[in-house]
Amino acid sequence: MNLKTKQEYDLVRACLKGQEVAFKTLFELFAPKMMMVCQRYAIDRHEAEDWMQEGFIKAFNNLGSFKFQGSFEGWVRKIMVNTALKHLNKASRRIEKVELDHFLDVGLNSQVLSNLAVEEILKVLEELPEGYRTIFNLNVVEGYNHKEISEKLGITESTSRSQLVKAKRALKNKLIKLLKLAG
Amino acid sequence: MRKFEDILRDKLYEAKSDFPDSIWDDIKNEIPIEKSKPGNALWIGFFLFSFAFVILTINKYPTWKVETPAAPSAELNAVEYDGFISSIHDIQNISYNNPTVAINVDNQSKVNIAESSSSSNTFLPSEGATSKVTILKASVPKRTMLDIPQVDQTKMRNLVDFNPLEFNAVQPLTVKKKRLPILNSSKEEVYCEIHQGAKPEYYLGSRHISSYAFNSLRAKSEGLNEYTKSRLRSESKKYSFSDEINFGASFRNGYFAEIGVRYDQINEKFNYKDYNASGSATFINNDTISIGGNPEAISDTIITDVAGVREVVNHNKFRKISIPVSIGYEFPLNKKVTVAGKAGLLVNVWSKYEGKMFDESGAIADIGEIQKSRNPFFRSLVHSATASVYLQYNVNNNLQLISGLNGYKNLGSTSHEFYGVEQKYSSLGLFVGAKYLL
Numbered sequence: 002m003n004l005k006t007k008q009e010y011d012l013v014r015a016c017l018k019g020q021e022v023a024f025k026t027l028f029e030l031f032a033p034k035m036m037m038v039c040q041r042y043a044i045d046r047h048e049a050e051d052w053m054q055e056g057f058i059k060a061f062n063n064l065g066s067f068k069f070q071g072s073f074e075g076w077v078r079k080i081m082v083n084t085a086l087k088h089l090n091k092a093s094r095r096i097e098k099v100e101l102d103h104f105l106d107v108g109l110n111s112q113v114l115s116n117l118a119v120e121e122i123l124k125v126l127e128e129l130p131e132g133y134r135t136i137f138n139l140n141v142v143e144g145y146n147h148k149e150i151s152e153k154l155g156i157t158e159s160t161s162r163s164q165l166v167k168a169k170r171a172l173k174n175k176l177i178k179l180l181k182l183a184g
Numbered sequence: 002m003r004k005f006e007d008i009l010r011d012k013l014y015e016a017k018s019d020f021p022d023s024i025w026d027d028i029k030n031e032i033p034i035e036k037s038k039p040g041n042a043l044w045i046g047f048f049l050f051s052f053a054f055v056i057l058t059i060n061k062y063p064t065w066k067v068e069t070p071a072a073p074s075a076e077l078n079a080v081e082y083d084g085f086i087s088s089i090h091d092i093q094n095i096s097y098n099n100p101t102v103a104i105n106v107d108n109q110s111k112v113n114i115a116e117s118s119s120s121s122n123t124f125l126p127s128e129g130a131t132s133k134v135t136i137l138k139a140s141v142p143k144r145t146m147l148d149i150p151q152v153d154q155t156k157m158r159n160l161v162d163f164n165p166l167e168f169n170a171v172q173p174l175t176v177k178k179k180r181l182p183i184l185n186s187s188k189e190e191v192y193c194e195i196h197q198g199a200k201p202e203y204y205l206g207s208r209h210i211s212s213y214a215f216n217s218l219r220a221k222s223e224g225l226n227e228y229t230k231s232r233l234r235s236e237s238k239k240y241s242f243s244d245e246i247n248f249g250a251s252f253r254n255g256y257f258a259e260i261g262v263r264y265d266q267i268n269e270k271f272n273y274k275d276y277n278a279s280g281s282a283t284f285i286n287n288d289t290i291s292i293g294g295n296p297e298a299i300s301d302t303i304i305t306d307v308a309g310v311r312e313v314v315n316h317n318k319f320r321k322i323s324i325p326v327s328i329g330y331e332f333p334l335n336k337k338v339t340v341a342g343k344a345g346l347l348v349n350v351w352s353k354y355e356g357k358m359f360d361e362s363g364a365i366a367d368i369g370e371i372q373k374s375r376n377p378f379f380r381s382l383v384h385s386a387t388a389s390v391y392l393q394y395n396v397n398n399n400l401q402l403i404s405g406l407n408g409y410k411n412l413g414s415t416s417h418e419f420y421g422v423e424q425k426y427s428s429l430g431l432f433v434g435a436k437y438l439l
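Top line first, the protein sequences correspond to chains A and B. For what it's worth, the numbering used here labels the leading residue of the first sequence as 2, then goes sequentially. For what it's worth, the numbering used here labels the leading residue of the second sequence as 2, then goes sequentially.
Hints were generated in silico from the structure; no laboratory data involved. Positions of the beta carbon are idealized from the N, C-alpha and C atoms, including for glycine. It cannot be assumed that every hint is accurate.
[Said to hold, decoys possible] Distance ranges between label pairs, derived from CB positions:
{"id": "1", "chain 1": "B", "residue 1": "Y203", "chain 2": "A", "residue 2": "K79", "range": "28 to 34 Å"}
{"id": "2", "chain 1": "A", "residue 1": "K87", "chain 2": "B", "residue 2": "K4", "range": "56 to 62 Å"}
{"id": "3", "chain 1": "A", "residue 1": "K7", "chain 2": "B", "residue 2": "L382", "range": "39 to 45 Å"}
{"id": "4", "chain 1": "B", "residue 1": "L49", "chain 2": "A", "residue 2": "K87", "range": "23 to 29 Å"}
{"id": "5", "chain 1": "B", "residue 1": "S207", "chain 2": "A", "residue 2": "E152", "range": "50 to 56 Å"}
{"id": "6", "chain 1": "A", "residue 1": "T157", "chain 2": "B", "residue 2": "N254", "range": "52 to 58 Å"}
[Claimed, not checked] Derived pair list, reagent style DSSO-like, types lysine-lysine, alpha-carbon separation capped at 30 Å:
{"id": "7", "chain 1": "B", "residue 1": "K230", "chain 2": "B", "residue 2": "K29"}
{"id": "8", "chain 1": "A", "residue 1": "K59", "chain 2": "A", "residue 2": "K5"}
{"id": "9", "chain 1": "A", "residue 1": "K181", "chain 2": "B", "residue 2": "K12"}
{"id": "10", "chain 1": "A", "residue 1": "K79", "chain 2": "A", "residue 2": "K68"}
{"id": "11", "chain 1": "A", "residue 1": "K153", "chain 2": "B", "residue 2": "K230"}
{"id": "12", "chain 1": "A", "residue 1": "K148", "chain 2": "A", "residue 2": "K91"}
{"id": "13", "chain 1": "B", "residue 1": "K230", "chain 2": "A", "residue 2": "K148"}
{"id": "14", "chain 1": "A", "residue 1": "K34", "chain 2": "B", "residue 2": "K17"}
{"id": "15", "chain 1": "B", "residue 1": "K12", "chain 2": "A", "residue 2": "K59"}
{"id": "16", "chain 1": "A", "residue 1": "K124", "chain 2": "B", "residue 2": "K4"}
{"id": "17", "chain 1": "A", "residue 1": "K181", "chain 2": "B", "residue 2": "K425"}
{"id": "18", "chain 1": "A", "residue 1": "K79", "chain 2": "B", "residue 2": "K425"}
{"id": "19", "chain 1": "A", "residue 1": "K25", "chain 2": "B", "residue 2": "K17"}
{"id": "20", "chain 1": "B", "residue 1": "K425", "chain 2": "A", "residue 2": "K175"}
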């Protein structure tokens, strides 16, 4: 167990004893990243803030189920993602079919891409259809496989795969457009 | 060339975003933050009280030194003679020409006529003569510390017929009030902490317990009832202390288990009468005699053994080492303070009893010198039950201070099986200690 993990565990234990300072420390430690997680799934910041708040409340009230195995950040991140997906499903914002024809499969200079700011990438992500954005986030950023995605979203694995391909192409096109405008 | 999704993942996974402070304000109203603090004041107050108690009772009686051999510290304030005190004046340097010699005692009494034998050249006061006898001091072996104050003849005269011709060295002496002995001991306890993790949390703990001990004496036969009562009357307060270290594991459901090592010491104080007290006393007889019309002062010194009854105060020490095994439960009062309770067994692995004790006949026995197998007052390896209730204060994530009540009771008699008196110790005390989470 590394020092960072041990410190996280100590904080969790302190939270279990009801120590406010421990709760606040954990929140301040992980809230910036969790805000970004929520932003990647939400339509706007306001929605992301609501989801993050709900996610933390859920996490802090269920600390007893944390097994002290693995990273606490990973545990909180899962709660955030699940919270976001719950809202997406509740609002019937289903994965919409977007025709592949709308996007060209183009190449992208990785060097140029590396220079992009996170805010710019996030802005492009927000422009993607919700279904694409969700599957892209789950697979590419969060690391879920298609089977897991299909279970979470209630779709088939093949749909997850095809939507991911389309999401990537759409994202590429939008990034190229952005780079052209910038350049 | 890296895939574009890999580049995006690297950028997005660790990316951070700002958020309004108001989010925390909303969150904290919805989570289980401990708000009440009465437990803190309760704990601090109790801890300070326990700490003061422990400090004040440390070494209340001499604890490391057994004083039994030197125990008698009697005072003989009044001396009663039911026998005679005699003295012999051997005046070697006087030559008696006149066979009749008048002796003036203190120049007051003229009734005393002594006859001397010129042949023996020895002066012998006649029977019935009075003389001033002063017990200046007692010359007593150091260990017995017998203190005989100065007594003048007038007091003695009122008590006995003084016959300087007969000296009876054995003088029953009046002693002060009596009291009786005691014994005691104390117990141990534990600590914990509630952890929600799947695995138990391990910790090391230690504590110091100061206790009042109680002695339960029961005569196995009616014939020993009076003796048992006299034993109880002789007892003063018993103080005991215990030091303990523990290794423990606490589980997520609030339960914990501990095992350790514990040392107990009961310090007893007994007050009783020793009817066979002995020492030596110096008698000085100051007289004025008239020889041939010339007054002559004489002074005789006699050192002799004396015996009597005296009050004895002695301290006994009962020590033992045990393995405490206990289980308990704890629950938080607030974020800092936890209440815990535990109970268990003290498995006795070694014990020793040192000091003195009087038996049914009044004779005083040195407990430490009697072989264990024949020692009526002592039986080794007596197990005990123990219980504690206490508060724990979280100083930080690893260190806890603990303070609480502890009691224990012997499960068996500490006196030997063949002995007619059953004796069990119990104690009730306060403790302070600490616990370190590993």
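Mind checking the alpha carbons of A:K34 and B:K17 for me, to see if they're no more than 30 Å apart?
holds, 4 Å
Against the 30 Å threshold, does the CA-CA distance of B:K12 and A:K59 hold or violate the hint?
The given pair, whose Cα atoms are some 27 Å apart, holds under the 30 Å limit.
Does B:K4 sit within 30 Å of A:K124, going by the straight-line distance between their CA atoms?
holds, 20 Å
Does A:K181 pair with B:K12 here, judged by a C-alpha cut-off of 30 Å?
With a Cα-Cα distance of about 21 Å, the restraint between A:K181 and B:K12 holds, given a limit of 30 Å.
Please test the hint of 50 to 56 Å on the beta carbon pair from B:S207 and A:E152.
For B:S207 and A:E152 the Cβ distance comes to about 52 Å; the hint holds.
Given the range 28 to 34 Å, decide if the beta-carbon distance of B:Y203 to A:K79 lies inside it.
holds, 29 Å
Taking the Cβ atom of B:L49 and the Cβ atom of A:K87, is their distance within the range 23 to 29 Å?
The hinted range 23 to 29 Å is violated for B:L49 and A:K87, with Cβ atoms some 52 Å apart.
Between A:K25 and B:K17, does the CA-CA distance stay at or below 30 Å?
holds, 17 Å
Are A:K59 and A:K5 close enough, with their CA atoms no more than 30 Å apart?
holds, 23 Å
Given the hinted pair A:K79 and B:K425, is their Cα-Cα distance within 30 Å?
Violated, because 61 Å separates the two Cα atoms, which is more than 30 Å.
Please work out if B:K230 and B:K29 have their alpha carbons no farther apart than 30 Å.
violated, 66 Å
For B:K425 and A:K175, compute the direct alpha-carbon distance and say whether it is at most 30 Å.
Between B:K425 and A:K175 the Cα gap is close to 89 Å, so the pair fails against 30 Å, i.e. violated.
In terms of the numbered hints stated before, the structure departs from hints 2, 4, 6, 7, 11, 13, 17, 18, 20, listed from lowest to highest.
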